[in-house]
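A.B. asks: Which chain is which? The protein sequence lines are A and B, in order. Under this note's numbering, the residues of the first sequence are numbered 1 to 110, in order. Under this note's numbering, the residues of the second sequence are numbered 1001 to 1114, in order.
By construction, these hints were calculated from the structure, which means they are not laboratory data. As the structure is a computational prediction, the values presented were derived from the model and not from experiment. Hints are not guaranteed to be accurate.
Below 25 Å or equal to it, Euclidean Cα-Cα: the simulated DSS-like pairs (lysine-lysine) are [stated by the list, open to error]:
1) B:LYS1036 / B:LYS1019
2) B:LYS1022 / A:LYS26
3) A:LYS69 / A:LYS26
4) B:LYS1022 / B:LYS1067
5) A:LYS70 / B:LYS1040
6) A:LYS26 / B:LYS1044
7) B:LYS1040 / A:LYS26
8) B:LYS1022 / B:LYS1044
9) A:LYS70 / B:LYS1044
10) A:LYS69 / B:LYS1044
11) A:LYS70 / B:LYS1019
12) B:LYS1036 / A:LYS26
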Amino acid sequence: SQQGEEDPQALSIQEGENATMNCSYKTSINNLQWYRQNSGRGLVHLILIRSNEREKHSGRLRVTLDTSKKSSSLLITASRAADTASYFCASNNYGQNFVFGPGTRLSVLP
Amino acid sequence: DTAVSQTPKYLVTQMGNDKSIKCEQNLGHDTMYWYKQDSKKFLKIMFSYNNKELIINETVPNRFSPKSPDKAHLNLHINSLELGDSAVYFCASSHPLAGGETQYFGPGTRLLVL
């Protein structure tokens, strides 16, 4: 069964605004990762947060992790048109396979 | 200098045919994967190979078989193709010394079964 779930499924914002995407998972994890997929392309790794971390930053990206709620969020600040893509979370359970959510489709309008 | 490459990029074929998709990575990674992404964008792992040993085999039909001639290649063979096999197939790789935690994806192979 699908474990990761992103929310919302689709998000449309204006350039310069912040975009927040959420992810939930069902089992205990070693780490959780976010990936971006541009239309017609493969997935690209954005950021990884370990189970003992609560927040992580990378450039305009901010990821939080709440293991008690089995949820994570990805915040993209000052969005740009080039951020338009699908964003996936992937939970990694201690050497087991990665479980990807269905993704959030982000549209950043100029 | 592509890290993970797949061929072909597009594959259109008739039901019942047998086809192969090739994957190569030049990153020196020990583990390679095959994923299937359906029309709703769900990405599901199919196989992973570590040092030429199959370590994960999700519940995929045995019409699908991974073949790894060396640790830089993991090809996917599909026999007796069915309409439901239409999807985008992604190859990926990761390295255990780096924690095996980051996956590098190929550009995908878009398979359409008619």
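A.B. asks: Confirm or reject each hint.
C.D. replies: Structure-based check of each hint:
{"no.": "1", "hint": "B:LYS1036 / B:LYS1019", "verdict": "15 Å, holds"}
{"no.": "2", "hint": "B:LYS1022 / A:LYS26", "verdict": "33 Å, violated"}
{"no.": "3", "hint": "A:LYS69 / A:LYS26", "verdict": "9 Å, holds"}
{"no.": "4", "hint": "B:LYS1022 / B:LYS1067", "verdict": "9 Å, holds"}
{"no.": "5", "hint": "A:LYS70 / B:LYS1040", "verdict": "24 Å, holds"}
{"no.": "6", "hint": "A:LYS26 / B:LYS1044", "verdict": "16 Å, holds"}
{"no.": "7", "hint": "B:LYS1040 / A:LYS26", "verdict": "21 Å, holds"}
{"no.": "8", "hint": "B:LYS1022 / B:LYS1044", "verdict": "18 Å, holds"}
{"no.": "9", "hint": "A:LYS70 / B:LYS1044", "verdict": "20 Å, holds"}
{"no.": "10", "hint": "A:LYS69 / B:LYS1044", "verdict": "24 Å, holds"}
{"no.": "11", "hint": "A:LYS70 / B:LYS1019", "verdict": "40 Å, violated"}
{"no.": "12", "hint": "B:LYS1036 / A:LYS26", "verdict": "21 Å, holds"}
Violated hints for the displayed structure, listed by number in ascending order: 2 and 11.
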